[in-house]
Amino acid sequence: MLRDVTLGQYYPVESPLHRLDPRMKLSATMLYIVSLFIANNPACYLLATAALLLAIRISRVPVRHFLKGLRPIFMLLLISMLFNLFLTGGEPVLVHWAIFTITWPGVRQAIYMAVRLILLIMGSALMTYTTTPTSLTDGMEKGLRFLKAFHVPVHEIAMMMSIALRFIPILADEADKIQKAQMARGANFEEGSIVQRAKAMVPLLVPLFISAFRRATDLATAMEARCYHGGAGRTKMHPLHYQSGDRIAYLLLFAYLAFVILLRVIL
Amino acid sequence: MPIELKNVNYYYNRGTSMEVHVLKDVNLKLDRGEFIGVIGHTGSGKSTLIQHFNGLLRPTDGQVLYDGEDIFGEGYDRRALRGHVGLVFQYPEHQLFETDVFTDVCFGPRNQGLGEEQIKERAEASLRLVGLGEEFYKRSPFELSGGQKRRAAIAGVLAMEPDYLVLDEPTAGLDPGGRDEIFHVLQTLREERGIAVILVSHSMEDVASYVHRIIVVNEGKIAFDDVPREVFRHYRELEKMGLSAPQVTYIAQALRERGLDVDPLVTTVPEARDSILKALEERKHGC
Ligand SMILES: Nc1ncnc2c1ncn2[C@@H]1O[C@H](COP(=O)(O)OP(=O)(O)O)[C@@H](O)[C@H]1O
Ligand SMILES: [Mg+2]
Numbered sequence: 003m004l005r006d007v008t009l010g011q012y013y014p015v016e017s018p019l020h021r022l023d024p025r026m027k028l029s030a031t032m033l034y035i036v037s038l039f040i041a042n043n044p045a046c047y048l049l050a051t052a053a054l055l056l057a058i059r060i061s062r063v064p065v066r067h068f069l070k071g072l073r074p075i076f077m078l079l080l081i082s083m084l085f086n087l088f089l090t091g092g093e094p095v096l097v098h099w100a101i102f103t104i105t106w107p108g109v110r111q112a113i114y115m116a117v118r119l120i121l122l123i124m125g126s127a128l129m130t131y132t133t134t135p136t137s138l139t140d141g142m143e144k145g146l147r148f149l150k151a152f153h154v155p156v157h158e159i160a161m162m163m164s165i166a167l168r169f170i171p172i173l174a175d176e177a178d179k180i181q182k183a184q185m186a187r188g189a190n191f192e193e194g195s196i197v198q199r200a201k202a203m204v205p206l207l208v209p210l211f212i213s214a215f216r217r218a219t220d221l222a223t224a225m226e227a228r229c230y231h232g233g234a235g236r237t238k239m240h241p242l243h244y245q246s247g248d249r250i251a252y253l254l255l256f257a258y259l260a261f262v263i264l265l266r267v268i269l
Numbered sequence: 003m004p005i006e007l008k009n010v011n012y013y014y015n016r017g018t019s020m021e022v023h024v025l026k027d028v029n030l031k032l033d034r035g036e037f038i039g040v041i042g043h044t045g046s047g048k049s050t051l052i053q054h055f056n057g058l059l060r061p062t063d064g065q066v067l068y069d070g071e072d073i074f075g076e077g078y079d080r081r082a083l084r085g086h087v088g089l090v091f092q093y094p095e096h097q098l099f100e101t102d103v104f105t106d107v108c109f110g111p112r113n114q115g116l117g118e119e120q121i122k123e124r125a126e127a128s129l130r131l132v133g134l135g136e137e138f139y140k141r142s143p144f145e146l147s148g149g150q151k152r153r154a155a156i157a158g159v160l161a162m163e164p165d166y167l168v169l170d171e172p173t174a175g176l177d178p179g180g181r182d183e184i185f186h187v188l189q190t191l192r193e194e195r196g197i198a199v200i201l202v203s204h205s206m207e208d209v210a211s212y213v214h215r216i217i218v219v220n221e222g223k224i225a226f227d228d229v230p231r232e233v234f235r236h237y238r239e240l241e242k243m244g245l246s247a248p249q250v251t252y253i254a255q256a257l258r259e260r261g262l263d264v265d266p267l268v269t270t271v272p273e274a275r276d277s278i279l280k281a282l283e284e285r286k287h288g289c
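Protein sequences appear in the order of chains A and B. Add 2 to the 1-based position in the first sequence for this note's numbering, that's all there is to it. Add 2 to the 1-based position in the second sequence for this note's numbering, that's all there is to it.
Honestly, the hints are just simulated from the structure, not real lab data. Please read these numbers as outputs of a predicted model, since none were measured by experiment. Here a beta-carbon is modelled for each residue, glycine too, at the ideal position from N, C-alpha and C. Check each hint, because a few of them may be wrong.
[As the list claims (entries may be wrong)] FRET-style restraints, in silico, Cβ to Cβ:
| no. | chain 1 | residue 1 | chain 2 | residue 2 | range |
| --- | --- | --- | --- | --- | --- |
| 1 | B | K8 | A | G247 | 45 to 55 Å |
| 2 | B | D69 | A | D175 | 26 to 36 Å |
| 3 | A | H243 | B | D27 | 46 to 56 Å |
Work the whole structure out from these sequences, hints included.
Here is the structure:
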């Protein structure tokens, strides 16, 4: 069902990862993604996978939850794998049939691509599962404050992001409700040709858009009523401070990065 | 020919940290032609319960039978079932999507695969029932008032000509005028079509004067299931569940405590009036 959008939603359990400073988790995610692109041999990817699995273990979010989150990107994954498989040239050629050629670098590239994408998505998912949208935004706002010097509207971007993140579960809920209401009126979302199925989406999408606009206006009104006027002069109820856990986490993060680079260089 | 729930249990988010056990061993039998109120505090599981009646939710454990057949059995046509058990969700006006009221009401019967003539007939009949005349047919659903929108949405379900009509908090968020309109519609519905109506509410006041049977849901369990009079006899327990008996019941209790011999279990204003008048009459003759 539509409520099963697990990607990007907070998963409420108690864990050391949940308690980390959001800035720490943001930098870790970013550097982790960088490490995936530094990696260029099986040992690197093995290390990256092991590191992620360990982090997932510590976060106490079930692995099943991550796999469910991967489902929507399955098609994307498949397509990018196929492209890499067939369109990478080089030697030695493994299969050659009509216009299709599969080469050894192609196979390797396809596998690396898939692993990279899966780890990338799971790594970012780990951040959103363990960080509430509010603290994520706080982290972004504080972590990227230096960009203000270049006239980047950091606060506004952070606010937009947090609202967008906050709206994902709300709209998923709403979509679920509307879908059920239309199913109660005999709508059929599961069967039929592609054209029929696309048409069947109209009774779902129209009310969903209307509700999204209504919620957006309500939110804007509510923010105005509470005198929201952007970030200038706004103070925090819970200002962010690094704790000893964050320092340890940074240390582990840099150790991991150093290892990945080392593995790339020596292998 | 009833809807029957047998030992139904339902969990949301089974197997995650957000798991909630919402329905606990629910057994129910709903017959044709009944007028039932389902009452419970917010979060008690009413909405979850009624989504089992037409197979929108599948019990985690237990069975739902319609006319004796398991609706999750092999090859059971649940889409057809939804034509027999019409479900009007809370805030049903949020599901309107067509460019005009009439076409929107036609959505249900069209999904049932009826002929164009029959679809029109049914749409007209149900719009008449909810009191929306021809002048509304070509209006956009989005320019109607709150109460009118809701009645249009109810007509959309009625047009499927269900044997059961289940309404989730049909008066939520309406002004008193809109509420009266809805109750008026339900009353007409019972009189003209004789279909079973199941009314979900968190307010006793709303349902007491209309229904013949009250099902009280408390924390996912059926706490009481009886005629209103018998249910309100337990008004102290109801209060513990965050519910209350209708105000007239309290008035009758208070009068009794002050020595007037009224029936302590009256549930509607007319009943209370008759009982009080009778008690006063008797007292006059007594001394
Ligand atoms: N889609 C859902 N996902 C998770 N929990 C839900 C969902 N819908 C309802 N609940 C929870 O189930 C319980 C019963 O909800 P509901 O059936 O809507 O109660 P009611 O209609 O009596 O207010 C509540 O605790 C609610 O938080
Ligand atoms: Mg409800």
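Now for the hints, and whether the structure bears them out:
The hint said 45 to 55 Å for the Cβ distance between K8(B) and G247(A), and at roughly 51 Å that hint holds. Range check, D69(B) to D175(A): Cβ separation about 33 Å, and the 26 to 36 Å hint holds. Judged by the Cβ atoms, the range 46 to 56 Å given for H243(A) and D27(B) holds: they are separated by roughly 49 Å.
In the structure shown, no violation is registered for any of the earlier numbered hints.
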